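*Asks:* For this one, chain B is given, so just place chain D on it according to the hints.
Residue numbers (the UniProt record's numbering), protein chains in the order written: chain B, 1 to 483; chain D, 1 to 483.
No lab work stands behind these hints, which were simulated from the structure alone. Some clues are possibly wrong.
Same chains, same names: a pair is fine if it fits in one copy or spans any two.
What the hints assert, rightly or not - Only pairs whose alpha carbons sit at most 20 Å apart, straight line, appear in this in silico SDA-like list of lysine to any residue:
id, residue 1, residue 2
1, LYS340, ASP308
2, LYS354, GLY12
3, LYS42, VAL65
4, LYS354, HIS304
5, LYS125, HIS403
6, LYS340, HIS304
7, LYS42, PHE171
8, LYS351, ILE302
9, LYS416, VAL472
10, LYS42, THR366
11, LYS347, ARG380
12, LYS174, PRO151
13, LYS107, ARG475
14, LYS150, ALA127
15, LYS351, VAL301
16, LYS107, GLU220
17, LYS340, GLU324
The structure displayed is predicted, hence computed values, not measured ones.
There are 2 protein chains.
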Amino acid sequence: MTNALFPVILCGGAGSRLWPLSRELHPKPFIRLPDGQSLLQKAFLRAAGLTGTRQVITVTNRDLVFKIEDELNEVNQDNLAISLILEPSARNTAAAIASAALMVARKDPQALLLVLAADHLIENKVAFEEAVNQAKQLAEKGRLVTFGIKPNQPETGYGYIEYQENQVIRFVEKPDLPTAIEFVASERFLWNSGMFCFKAQTVLDELDKYAPEILDAVRETISHSKISQGVTNNNDFFHCELNADDFTRVPEESFDYAVMERTENAAVVPSDIGWSDIGSWQALGAIGQTDGSGNRLDGEVIMHDVHDCYIRSDNRLVGAVGVENLVIIDTPDALLVAHKERSQEVKHLFKQLKTAGHEAHRLHRTVHRPWGTYTVLEERPDFKIKRIVVKPGATLSLQMHHHRSEHWVVVSGMAKVVNGNKEILLAANESTYIPAGQNHRLANPGMIDVVLIEVQTGQYLGEDDIVRIEDVYGRAPIETTNK
Amino acid sequence: MTNALFPVILCGGAGSRLWPLSRELHPKPFIRLPDGQSLLQKAFLRAAGLTGTRQVITVTNRDLVFKIEDELNEVNQDNLAISLILEPSARNTAAAIASAALMVARKDPQALLLVLAADHLIENKVAFEEAVNQAKQLAEKGRLVTFGIKPNQPETGYGYIEYQENQVIRFVEKPDLPTAIEFVASERFLWNSGMFCFKAQTVLDELDKYAPEILDAVRETISHSKISQGVTNNNDFFHCELNADDFTRVPEESFDYAVMERTENAAVVPSDIGWSDIGSWQALGAIGQTDGSGNRLDGEVIMHDVHDCYIRSDNRLVGAVGVENLVIIDTPDALLVAHKERSQEVKHLFKQLKTAGHEAHRLHRTVHRPWGTYTVLEERPDFKIKRIVVKPGATLSLQMHHHRSEHWVVVSGMAKVVNGNKEILLAANESTYIPAGQNHRLANPGMIDVVLIEVQTGQYLGEDDIVRIEDVYGRAPIETTNK
Numbered sequence: 001m002t003n004a005l006f007p008v009i010l011c012g013g014a015g016s017r018l019w020p021l022s023r024e025l026h027p028k029p030f031i032r033l034p035d036g037q038s039l040l041q042k043a044f045l046r047a048a049g050l051t052g053t054r055q056v057i058t059v060t061n062r063d064l065v066f067k068i069e070d071e072l073n074e075v076n077q078d079n080l081a082i083s084l085i086l087e088p089s090a091r092n093t094a095a096a097i098a099s100a101a102l103m104v105a106r107k108d109p110q111a112l113l114l115v116l117a118a119d120h121l122i123e124n125k126v127a128f129e130e131a132v133n134q135a136k137q138l139a140e141k142g143r144l145v146t147f148g149i150k151p152n153q154p155e156t157g158y159g160y161i162e163y164q165e166n167q168v169i170r171f172v173e174k175p176d177l178p179t180a181i182e183f184v185a186s187e188r189f190l191w192n193s194g195m196f197c198f199k200a201q202t203v204l205d206e207l208d209k210y211a212p213e214i215l216d217a218v219r220e221t222i223s224h225s226k227i228s229q230g231v232t233n234n235n236d237f238f239h240c241e242l243n244a245d246d247f248t249r250v251p252e253e254s255f256d257y258a259v260m261e262r263t264e265n266a267a268v269v270p271s272d273i274g275w276s277d278i279g280s281w282q283a284l285g286a287i288g289q290t291d292g293s294g295n296r297l298d299g300e301v302i303m304h305d306v307h308d309c310y311i312r313s314d315n316r317l318v319g320a321v322g323v324e325n326l327v328i329i330d331t332p333d334a335l336l337v338a339h340k341e342r343s344q345e346v347k348h349l350f351k352q353l354k355t356a357g358h359e360a361h362r363l364h365r366t367v368h369r370p371w372g373t374y375t376v377l378e379e380r381p382d383f384k385i386k387r388i389v390v391k392p393g394a395t396l397s398l399q400m401h402h403h404r405s406e407h408w409v410v411v412s413g414m415a416k417v418v419n420g421n422k423e424i425l426l427a428a429n430e431s432t433y434i435p436a437g438q439n440h441r442l443a444n445p446g447m448i449d450v451v452l453i454e455v456q457t458g459q460y461l462g463e464d465d466i467v468r469i470e471d472v473y474g475r476a477p478i479e480t481t482n483k
Numbered sequence: 001m002t003n004a005l006f007p008v009i010l011c012g013g014a015g016s017r018l019w020p021l022s023r024e025l026h027p028k029p030f031i032r033l034p035d036g037q038s039l040l041q042k043a044f045l046r047a048a049g050l051t052g053t054r055q056v057i058t059v060t061n062r063d064l065v066f067k068i069e070d071e072l073n074e075v076n077q078d079n080l081a082i083s084l085i086l087e088p089s090a091r092n093t094a095a096a097i098a099s100a101a102l103m104v105a106r107k108d109p110q111a112l113l114l115v116l117a118a119d120h121l122i123e124n125k126v127a128f129e130e131a132v133n134q135a136k137q138l139a140e141k142g143r144l145v146t147f148g149i150k151p152n153q154p155e156t157g158y159g160y161i162e163y164q165e166n167q168v169i170r171f172v173e174k175p176d177l178p179t180a181i182e183f184v185a186s187e188r189f190l191w192n193s194g195m196f197c198f199k200a201q202t203v204l205d206e207l208d209k210y211a212p213e214i215l216d217a218v219r220e221t222i223s224h225s226k227i228s229q230g231v232t233n234n235n236d237f238f239h240c241e242l243n244a245d246d247f248t249r250v251p252e253e254s255f256d257y258a259v260m261e262r263t264e265n266a267a268v269v270p271s272d273i274g275w276s277d278i279g280s281w282q283a284l285g286a287i288g289q290t291d292g293s294g295n296r297l298d299g300e301v302i303m304h305d306v307h308d309c310y311i312r313s314d315n316r317l318v319g320a321v322g323v324e325n326l327v328i329i330d331t332p333d334a335l336l337v338a339h340k341e342r343s344q345e346v347k348h349l350f351k352q353l354k355t356a357g358h359e360a361h362r363l364h365r366t367v368h369r370p371w372g373t374y375t376v377l378e379e380r381p382d383f384k385i386k387r388i389v390v391k392p393g394a395t396l397s398l399q400m401h402h403h404r405s406e407h408w409v410v411v412s413g414m415a416k417v418v419n420g421n422k423e424i425l426l427a428a429n430e431s432t433y434i435p436a437g438q439n440h441r442l443a444n445p446g447m448i449d450v451v452l453i454e455v456q457t458g459q460y461l462g463e464d465d466i467v468r469i470e471d472v473y474g475r476a477p478i479e480t481t482n483k
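Here chain B stands alone, though its shape is the one from the complex:
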């Protein structure tokens, strides 16, 4: 009998390279490809489709949890068990893998972990499954297996692995261009993909040997963390909310640096699987069909003499004249125009925004909450307009605002509203008014989304003017995010 397999999806990222579509709270894994699926959904389905997978573990920032649950539920038609490890802050991959290994080892130390990234694209599914099978065999023998990608160009943004068959000769940091050219020509080097396979016990032993301070700190964190367990479709799952105080003390290190480059048990599976890490707009723009002039278009675009551009727009008309090799990315609150070959440098804009404290680095106009979404349609000093979408069965917190009154107009679905002492049902085309200082609550008791337009008025309209009296999602009485 072969060992059980636990795919572990590492889902994070700064959101900087694919700005303005990606944001700090909407990083790369959530980007949708032309077929409508996000990179995260593709990673999940890839993991779910492997022989022997009975649950998929996702390690992610706790702020992303509602969004991740929405994304995974959307494609989890087989009702696979979904386990979550929620990090209060990013502590790099060694900590993330240690936490997953500890959680799996509690159940089965001999089980195999298959560590995958949520934001990679793998186009050859059959080759991927073959590579995983090879990796499993090596992992069962106690090896720490990394997946090495056969390079097709002298990429200077990746680490390289010198190899012979399944043996790792050495890891090499990001090389300069002449070295990269030499590496690719030699055919003795692979790109280091950041995907791994090993037994839980093996990786814990090696962490104990080469990075004990990380392992100990994560073990300590888990012992103080909130862990819940359940069963779905006869398969166990768990939710582990890592303790924030302990986790901040875990040293930040990459798993490559902490373990792989030091261990004597490293192995590599050369993989020709159509891999891309979608590290830039140029890479994302290389997916999908082009028109006769080499343009890739997603949205409403009119052009005159335009060549080799990637143009993507949510809901506005984009006109282009006499340009080539541009990336044009239009979102409701921010626009990017970049030269295709310079699109990696969009991270500099992201840094500028973050340094300046500009909201556009962190959030989209549409914000995901446990109960649904809200979208700011207009914001002025004395009023704010939101479109609020509440999922069937969901309930917002019982809350009160000191400074703002709210006018609610239901435009779709049936809302249950607590307004002061009254509880009322509001159908489409019905409205209610909530004066400042009055307790209120919004819920969707129906089977379809409630869509509601909220007009806020008042002298202070900040999202932090909220007093939570009761919340089914266990959120703090006062938060900086709304509802």
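*Replies:* Frame of chain B; chain D shown alone:
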């Protein structure tokens, strides 16, 4: 005593070359420059500042009248008389000048007309006034005077005038580049600016001689037109709404072609007045200060290694990386990215949109009405959200919709609302509901703007679902535009 001077501003244009900022119903004269004034306002102030000006006549499309009145009132601090000739359709400049000359001649056939364009920029005001004084002297002697601009580059988009002192030797149509280069080098040619000066009687005589069918048709039109007169600040003004049936029968011809190229009385005033016709985004982008990298920025922009770009954004963040010589124009519903030197070709996009019947060629999200403006904030199949701004003292029509209900939330000012049989006052943070089929009316009895958020719901939300029961602006019971 010198003859009276009537500046005549021709205000029209297709809105195609400066799309998406210009639209068919928001053409070039309404474009605002970095100092906050529109080209039309600058033309008006230029005309108003001339010695002897007691009223300014504007000839324009009747659909633009509310917008023009708003624009001119904003800068008409001296309360100059403003006369309007409203064209039901565009019939080119010969017809426009004929109508102005006929209107002026009714009062004083010896008065001088100074024909100016609403969308030209003239940077040297002193030189302009000197040129006008020269032109007036020639015009008083019975000459038809055109202003010739000293060329500073071999422009192929303009007509040229060969001249000697004030004599016109010949008019030349748009030349090819080698010819243009030769013209500029010879120093014997001027650009034909489309600005003129002549006595009303002189131009009527010449029209009668060279284009009698135009003059007769315009005379016929005026005899069937609605003309009102008034006095402001001791100066007369008139409003002439040209009869639509008659005016469509006026031959379409340019004044240059109909008269100037044929008359024996032509004269030219060589003018070095800092003139530009702002014929493209490149020309508009050449106005104002650049940053150290040659960029002209208007709006919130972040950049990394960007050179010689013109970036303009109303209210969204624009990020640019590694690009140069681009024009990036961002508006609420449409975006343009064009190579600077190709920016003239934006008219091709405009044509595509017009052919396809796309609203973005015609209207902005914000639409001007006689009572104020409305802005579509969001439009979905089952609801639409508008921000409505009503000017102090203004009243919308008493109206009814068959298919849509409306929820009104006042967020600023004090509104007077007729809702069925009731008349109510609504202050900020108050709301009302108007069911489909119910008569209603909105007015602003106060001293500051009323700002109101309207949420429409219903199965049909087209602007043509409106029955007007009563309207203070004399509008038809049913129109394709709202309110």
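*Asks:* If a hint holds in the structure, say so; if it doesn't, say that too.
*Replies:* Okay, the hints, checked on the actual structure:
Proximity of LYS340 and ASP308 under a CA criterion of 20 Å is satisfied in both settings, with 9 Å inside one chain copy and 18 Å between copies. Taking identical chains as interchangeable, the C-alpha atoms of LYS354 and GLY12 lie at most 20 Å apart only when both belong to the same chain, with a minimum of 17 Å there against 45 Å between chains. For the homomeric pair LYS42 and VAL65, the shortest alpha-carbon distance inside one copy (17 Å) is at most 20 Å, but the shortest distance between copies (56 Å) is not. In this assembly of identical chains, LYS354 and HIS304 lie within 20 Å of each other by CA distance solely across copies; the values are 15 Å between and 36 Å within a copy.
For the homomeric pair LYS125 and HIS403, neither the shortest alpha-carbon distance inside one copy (55 Å) nor that between copies (52 Å) is at most 20 Å. In this homomeric assembly, LYS340 and HIS304 come within 20 Å of each other (Cα to Cα) both inside a single copy, at 19 Å, and across copies, at 14 Å. Proximity of LYS42 and PHE171 under a CA criterion of 20 Å is satisfied in neither setting, with 29 Å inside one chain copy and 68 Å between copies. Taking identical chains as interchangeable, the C-alpha atoms of LYS351 and ILE302 lie at most 20 Å apart only when they sit on different chains, with a minimum of 11 Å there against 32 Å within one chain.
In this assembly of identical chains, LYS416 and VAL472 lie within 20 Å of each other by CA distance solely inside one copy; the values are 15 Å within and 43 Å between copies. In this assembly of identical chains, LYS42 and THR366 lie within 20 Å of each other by CA distance neither inside one copy nor across copies; the values are 22 Å within and 41 Å between. Taking identical chains as interchangeable, the C-alpha atoms of LYS347 and ARG380 are never at most 20 Å apart, the minima being 30 Å within one chain and 34 Å between chains. For the identical chains of this complex, LYS174 and PRO151 are intra-copy neighbours only, at 13 Å inside a copy versus 57 Å across copies, given an alpha-carbon limit of 20 Å.
In this homomeric assembly, LYS107 and ARG475 never come within 20 Å of each other (Cα to Cα): the closest approach is 30 Å inside a single copy and 78 Å across copies. For the identical chains of this complex, LYS150 and ALA127 are intra-copy neighbours only, at 12 Å inside a copy versus 71 Å across copies, given an alpha-carbon limit of 20 Å. Taking CA atoms no more than 20 Å apart as the test, LYS351 paired with VAL301 passes between copies only; the shortest distance there is 14 Å, against 29 Å inside one copy. With identical chains, the CA atoms of LYS107 and GLU220 are at most 20 Å apart within one copy only, with a shortest distance of 18 Å there and 96 Å across copies.
In the homo-oligomer, the alpha carbons of LYS340 and GLU324 lie at most 20 Å apart both inside one protomer (9 Å) and across protomers (13 Å), since each shortest distance falls under that limit.
The structure is inconsistent with the numbered hints 5, 7, 10, 11 and 13, although it conforms to all the rest.
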